[in-house]
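Protein sequences, first through last, are from chains P and F.
Numbering-wise, our numbering puts 239 at position 239 of the first sequence, and it's gapless, one number per residue.
Numbering-wise, our numbering puts 224 at position 224 of the second sequence, and it's gapless, one number per residue.
FYI, nobody ran anything at the bench for these hints, they're computed from the structure.
Certain hints may be false.
What the hints assert, rightly or not - So these bits of chain P aren't anywhere near chain F, every CB distance computed over 12 Å:
id : residue
1  : 24
2  : 65
3  : 69
4  : 70
5  : 90
6  : 98
7  : 120
8  : 130
9  : 155
10 : 266
11 : 279
12 : 285
What the hints assert, rightly or not - If the Cβ cut is set under 8 Å, some of the chain P residues that face chain F in the computed set are:
id : residue
13 : 214
14 : 218
15 : 254
Here a beta-carbon is modelled for each residue, glycine too, at the ideal position from N, C-alpha and C.
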Amino acid sequence: MNWITNYVRPRINSIFSRREVPENLWQKCDGCGTMLFHRELSDNLKVCTSCGHHMGITPRDRFKGLFDGGIFTEVEVPEPVTDPLKFKDQKKYPDRMKSAQKSTGEKEAMLVATGEIGRTPIVAAAQDFSFMGGSMGMYVGNAIIAAAEKAVELGRPLVLFSAAGGARMQEGILSLMQMPRTTVAIQMLKEADLPYIVVLTHPTTGGVTASYAMLGDVQIAEPNALICFAGPRVIEQTIREKLPEGFQRAEYLLDHGMLDRVTPRTEMRDELITITRMLLGLSPAIQGDLPAPDADETTAPDTAEDQTAENTETEADVK
Amino acid sequence: MTQYLDFEKPLAEIEGKAEELRALARANEEMDVADEAAALDTKAAQLLEDLYKDLTPWRKCQVARHPERPHCRDYIDALFTEYTPLAGDRNFADDHAVMGGLARFNDQPVMVIGHEKGSDTKSRIERNFGMARPEGYRKAIRLMQMADKFGLPVVTLVDTPGAYPGKGAEERGQSEAIARATEACLQIRVPLISVVIGEGGSGGAVAFATANRVAMLEHSIYSVISPEGCASILWKDAEKMREAAEALRLTAQNLKELGVADTIIPEPKGGAHRDRPETIAAVGAAIETLLKELDGKDGDALVQDRRKKFLDMGSKGLAA
Numbered sequence: 001m002n003w004i005t006n007y008v009r010p011r012i013n014s015i016f017s018r019r020e021v022p023e024n025l026w027q028k029c030d031g032c033g034t035m036l037f038h039r040e041l042s043d044n045l046k047v048c049t050s051c052g053h054h055m056g057i058t059p060r061d062r063f064k065g066l067f068d069g070g071i072f073t074e075v076e077v078p079e080p081v082t083d084p085l086k087f088k089d090q091k092k093y094p095d096r097m098k099s100a101q102k103s104t105g106e107k108e109a110m111l112v113a114t115g116e117i118g119r120t121p122i123v124a125a126a127q128d129f130s131f132m133g134g135s136m137g138m139y140v141g142n143a144i145i146a147a148a149e150k151a152v153e154l155g156r157p158l159v160l161f162s163a164a165g166g167a168r169m170q171e172g173i174l175s176l177m178q179m180p181r182t183t184v185a186i187q188m189l190k191e192a193d194l195p196y197i198v199v200l201t202h203p204t205t206g207g208v209t210a211s212y213a214m215l216g217d218v219q220i221a222e223p224n225a226l227i228c229f230a231g232p233r234v235i236e237q238t239i240r241e242k243l244p245e246g247f248q249r250a251e252y253l254l255d256h257g258m259l260d261r262v263t264p265r266t267e268m269r270d271e272l273i274t275i276t277r278m279l280l281g282l283s284p285a286i287q288g289d290l291p292a293p294d295a296d297e298t299t300a301p302d303t304a305e306d307q308t309a310e311n312t313e314t315e316a317d318v319k
Numbered sequence: 001m002t003q004y005l006d007f008e009k010p011l012a013e014i015e016g017k018a019e020e021l022r023a024l025a026r027a028n029e030e031m032d033v034a035d036e037a038a039a040l041d042t043k044a045a046q047l048l049e050d051l052y053k054d055l056t057p058w059r060k061c062q063v064a065r066h067p068e069r070p071h072c073r074d075y076i077d078a079l080f081t082e083y084t085p086l087a088g089d090r091n092f093a094d095d096h097a098v099m100g101g102l103a104r105f106n107d108q109p110v111m112v113i114g115h116e117k118g119s120d121t122k123s124r125i126e127r128n129f130g131m132a133r134p135e136g137y138r139k140a141i142r143l144m145q146m147a148d149k150f151g152l153p154v155v156t157l158v159d160t161p162g163a164y165p166g167k168g169a170e171e172r173g174q175s176e177a178i179a180r181a182t183e184a185c186l187q188i189r190v191p192l193i194s195v196v197i198g199e200g201g202s203g204g205a206v207a208f209a210t211a212n213r214v215a216m217l218e219h220s221i222y223s224v225i226s227p228e229g230c231a232s233i234l235w236k237d238a239e240k241m242r243e244a245a246e247a248l249r250l251t252a253q254n255l256k257e258l259g260v261a262d263t264i265i266p267e268p269k270g271g272a273h274r275d276r277p278e279t280i281a282a283v284g285a286a287i288e289t290l291l292k293e294l295d296g297k298d299g300d301a302l303v304q305d306r307r308k309k310f311l312d313m314g315s316k317g318l319a320a
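Just chain P, same shape as in the assembly (with noise of 0.2 Å):
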């Protein structure tokens, strides 16, 4: 018997999971199940071709689908202290980040970037929710500040995709001190008169959606995204009934007149070319694919110089 479970099954097995494709080529919807190509998923943005199921999206594969040709300029965001409170639960906050940031290849849990939407120049800010949940904590908090700044600077709107379960608890106070913060950057916003628009993705909860994500002049969400305070199971144990069916996902929070819309994603490019061109009392955007403007032509007509592209993306950059 042993001979057959320890070597003939694990070599049998291994005849056939050889067989198995690739998994970085296929991925399996998690709404129906359906197995996508990841090249079409990819270029649908993530969203199921077949039954519209939004799945998580980098920072980096937002901003490639939404800026124009996929060209985009990083904003620089200040680096905060490290592990300001030394914290260690069963593993150090340290080595936390640096399996994040391997497993992730980004820096940390937000993108900043500049660039242009139907050639509309906007500052667009992602929360990457695939990097330590998109926690809220000191970098996160520099980030939409350095967002906020850049904005004022150029005179742009600030389009701000959010997805997070909350703060950072390895940054303690310091991760709740971003809610006061991030509202700071939001009035610098609205004192310029700037459009501040957030398009809320699945999932945003905690002090995320208790601050800056829910201080936008206009609230999109992408479809089914869970948008919520307190969860739902923390909320189940304190009440101790169950919620109704689709309870804090992003219809039911329409449905009761927290969000301005919901949109899916394949959409909210042109939705938000649209709205924030109606806001700035520009033209109509024109229609139909444009030509990827050239690097130095990312500079809006009026505004300041924004041409020190220390970071210029392009599509073939980006994996």
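Given the coordinates of chain P, work out where chain F should sit on it, guided by the hints.
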């Protein structure tokens, strides 16, 4: 009769013995127990001092949540005159977890707002244990804006386990209400000072404590998440709250070091609940000092002061 916390058990025994002796003496006049009882008292006092000298973060949480600790209502009754409660958010309801209204502090008219946990079963239920719903935050926004309009300083007293996690609260926009309250704190052009008198529970506390000056009672806490909640997420075991309390750096002393709290108000030996009048007086003195510090600053300066305070926050971590 004092309610003892679990770590005060040895103290309870000694104080209990002293009490017993005295009771015996009262029953039997020939007995002379004065010396013995006094010795026990000294011993108890010493033990109390030792216990509270260096409270662990978790024990501080327990003291901060002590049911006999003075609550918002006690401070308003003792420190303010002509308190005139103002109710309602003008939209949905009046939230009893948040109390607030016009009052005079040293004859100066102010707006006072705070979380009230309640002091017995009935009032605790009525006050929802100090856990506010959106209406509470919206009432606070309304009162802050009124204070702003009439140039009245705002004093907030923070004592909440957190915002209420309920179905209705979520449906009516708990997160939006908290975000707007934080925004209101940052916008008002009048002095805003905040005292954490017990528990500063997460977003529910931030909504009131985004202030020009934040004072904390010596054994109060202020945290992004309760130690129990943190333990159940990071340790996958809610019983690890002692470790979580340690790691979260939620004590007034830690927060002062991090620049979140500006001042620490000393508590009587054995915690606020052992001498409520003394605690309340100390809080009153702190409010007076802080209001004086902001006296004469104009609206712009106050708004800028608040902004700078929060933008700079966290630029340095803990020393060690």
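Notebook entry, point to check: Would you say residue 266 (chain P) is clear of chain F, with no C-beta pair closer than or equal to 12 Å?
Noted result: 27 Å, holds
Notebook entry, point to check: In terms of Cβ atoms, is chain F entirely out of 12 Å range of residue 155 (chain P)?
Noted result: 21 Å, holds
Next item on the list: Tell me if residue 214 (chain P) is really an interface residue toward chain F, meaning its C-beta lies closer than 8 Å to one of theirs.
Entry: At 4 Å from the nearest chain F Cβ, residue 214 (chain P) passes the 8 Å test, so the hint holds.
Margin query: Given a cut of 8 Å on the nearest C-beta pair, is the interface hint for residue 218 (chain P) held or broken against chain F?
Written below: 14 Å, violated
Next item on the list: Say whether it holds or is violated: residue 69 (chain P) keeps its Cβ farther than 12 Å from all Cβ of chain F.
Entry: 35 Å, holds
Note to self: The output says residue 279 (chain P) does not contact chain F. Does that hold with a beta carbon cutoff of 12 Å?
What the structure shows: Fine: 20 Å to the nearest Cβ keeps residue 279 (chain P) off the interface.
Checklist line | 12 Å Cβ clearance of residue 98 (chain P) from chain F | finding: With a cut-off of 12 Å, residue 98 (chain P) remains clear of chain F, as the shortest Cβ separation is near 17 Å.
Check: Is residue 65 (chain P) truly not at the interface, in the sense that its beta carbon sits beyond 12 Å from all beta carbons of chain F?
Finding: Since the minimum Cβ distance to chain F is about 28 Å, residue 65 (chain P) lies beyond 12 Å and the statement holds.
Item checked: Consistency of the no-contact label for residue 90 (chain P), given chain F and a CB cut of 12 Å -> 6 Å, violated
Item checked: Consistency of the no-contact label for residue 70 (chain P), given chain F and a CB cut of 12 Å -> 33 Å, holds
Next item on the list: Measuring Cβ to Cβ, find out whether residue 120 (chain P) lies farther than 12 Å from everything in chain F.
Entry: Holds, because the least Cβ-Cβ distance between residue 120 (chain P) and chain F comes to about 27 Å, which exceeds 12 Å.
Check: Hey, does residue 130 (chain P) actually stay past 12 Å from chain F on C-beta?
Finding: 18 Å, holds
This entry does not satisfy hints 5, 14, 15, going by the numbered hints stated previously.
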